[in-house]
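J.: Spelled out from the first residue to the last, the chains are:
Number of protein chains: 2
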Amino acid sequence: MVSQKYKDMLGAKSVIRELSEWAGRRAKEIGAENVFDFSLGNPSVPVPQEFTDRMMELMQTKDTMELHGYSQSQGILSVRQKFAEFLNKKYDMNYTAEHLFMTTGAAGAVAHAARVVTQPGDEVITFAPYFPEYNHYINQTGAVLKVVPADTKQFQINFEEFDKLLNPKTMAVLINTPNNPSGTVYSTETLKRLAAVLEEKQKEYGHDIFIISDEPYREIIFEGVDAPYVSKFYDNTLSCYSFAKSMSIPGERLGYVAANPKCTDSGLISVMCAQISRGIGHNCPPSIIQIAVADVLGVTSDLSVYEKNMNIIYDTLVSLGFEVVKPGGTFYIFPKALEADSVAFCKKALNYDLVLVPADSFGCPGYFRMAYCVETQKVERAMAALRKFVETEYSM
Amino acid sequence: MVSQKYKDMLGAKSVIRELSEWAGRRAKEIGAENVFDFSLGNPSVPVPQEFTDRMMELMQTKDTMELHGYSQSQGILSVRQKFAEFLNKKYDMNYTAEHLFMTTGAAGAVAHAARVVTQPGDEVITFAPYFPEYNHYINQTGAVLKVVPADTKQFQINFEEFDKLLNPKTMAVLINTPNNPSGTVYSTETLKRLAAVLEEKQKEYGHDIFIISDEPYREIIFEGVDAPYVSKFYDNTLSCYSFAKSMSIPGERLGYVAANPKCTDSGLISVMCAQISRGIGHNCPPSIIQIAVADVLGVTSDLSVYEKNMNIIYDTLVSLGFEVVKPGGTFYIFPKALEADSVAFCKKALNYDLVLVPADSFGCPGYFRMAYCVETQKVERAMAALRKFVETEYSM
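Here the protein sequences come in this chain order: A and D.
Position 310, counted from 1, in the first sequence is what my numbering calls 311; the numbers after and before it change by one each time, with no gaps.
Position 377, counted from 1, in the second sequence is what my numbering calls 378; the numbers after and before it change by one each time, with no gaps.
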């Protein structure tokens, strides 16, 4: 018989998917260019030419069996070495290849990291607003995800509420900075305070508490924003990265877990990930993508368009009277809806062909997310629709 | 704290890996060309030019964001449609895109299929000799793998022993034909009998029993061998495939689960796999590889060298007095060792620079595996070493 557990999961259709399907249908009626779809976090800038060139060169010059051959289960050794060197130079760290585990994107990275540092029944704490897939990554390990309510003033960390959830079963804290969906970046002050709390609790509970740091937006940082490297502040940090957003290659599924060389059992994390991988059939990410990305490390897509879009949207939102924190990075912005029920708010927006995502599933009801990985010209046209929507539905 | 469960798994070093490491060290001493390494099932024939050409063409002509963009979690729809059509034509089936789930190789396919049809505590039966990674795929689901002792006469199925293991907890039967490590192919007669037994047991137990059919060697079939498509014989079949062996692209991690359209809940299997995938971070295989392979479906590497190698080795083994079943496909052969302790036998072989794998971990002690994905010229030279080894160590 098919497993009831997974069958049951089919019932819960994601709001984002429903919205995206609506947008697809509407596009057929009025043309895609007239649907202002801010629902999906799909990169909208071309893949760097350097990556394409390197892929072509590899296929023209390398032995095909070597190029497309099995990777080590931790990832190709020479690739991991290059990644370690790159991170060391960029963030003044001391990684070696043995601290790195290559994954199929950030999803693979967070899911493996969570399994390494938890046992069934343990608790993992995250902070609202948060990426709803975290529920799946953590539930599958048998651990339990606990959510700290949002600091809606700055979308940093609500430390008072955090303190209430910490307990001896807390084995990991899952953070995401720059943050999806808020677009904010944890400051040096926030990270220092987080590290201090965890250091203290580790002593009090007599066991490690790991930070699992989900960082796929690490390269999308706006002007003048302080964006510190999380692992610098706290030894027991597992940094999870993906090239999906910085290189616009989400479909190629390349990411990694980088264990801080000073963390507990730092030399075992990567090989333990490989053991986990064997059993679930994740195994290693595609060889040619590993090799090509390692050869162009540091290259990114032209990410400047995201900041341009953000400024246009932020200014419009402020002028329309929205309560909104200015994003420090990513391609998301997270305003407060103009009525308490943000689902109702977003439904009304559809009448203006604006596809916005209510933030209930991000653990922050009353807010909504706009993903502005959209052409700037379209963003500009969308602002007229947004203005009309607000003025028609919410003016006194 | 890091998970003791995965930490413990690090202790058990695989025999194959130890042998392969020995071969690497020895190669440095006497040159790789003088080490006759038959330990690894790594394809030894070039990737088809059509695949490389298509990859290049895609990168030159397609929009990069589309080409490297997110795949649907079940796999790209147009890709799944092409795969369904291909299978329908080749095997006279009725698949549609909804019956297919794209995976990172056969490992991903078998691991997902096992999760779909079992709950913790259920039993899955497989037949020795079997691929030792099955233990990991099944254990991770919480189900228990039960192993039927080998039919050492023909390496088909030992039905008497199978009957003893069947019980109401049996939810799936995991088969692998053409078989690693035996090289044999299940005949029409074997598959008919297997289907009849399972049909009867389904009625008796009042629940489904699925066949999970692991078929990465499906395209490597030798002359005159009857190699039927498993799913034709039994409706509750989930066919698991990988392009690793047929196209020599093991590192690119592309495979699929194809649910027989007549199986129970056939329309749900693929979407359930996608739900499983979300939680473990497997997600979808690389987009560009999905697209390129779908565009050259039916093309394989030149696989004829494996049959050539098999014939050379088989004839030599027979002439040296080995008990061995002639393989019908794959790139493995599975003779009986010349002493009861096949580990001791394989250790002695190292003195002749022959790297053979004892079959204890395949659930069939007393036998050994040779993977002949090796250049033919080297196979020929290895036969002299094999002759010398046998004549020196085992002649009366």
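Hints are computed from structural coordinates only; laboratory data are not their basis.
Please note that a few of the clues may not be correct.
As the list claims (entries may be wrong) - If you only want the chain D side, here are some residues facing chain A, beta carbon under 10 Å, derived:
(1) N43
(2) V48
(3) H137
(4) N168
(5) I277
(6) P286
(7) S288
Idealized CB from N, CA, C, for every residue including glycine.
J.: Tell me, in ascending order, the numbers of any earlier hints that this structure violates.
T.: 4
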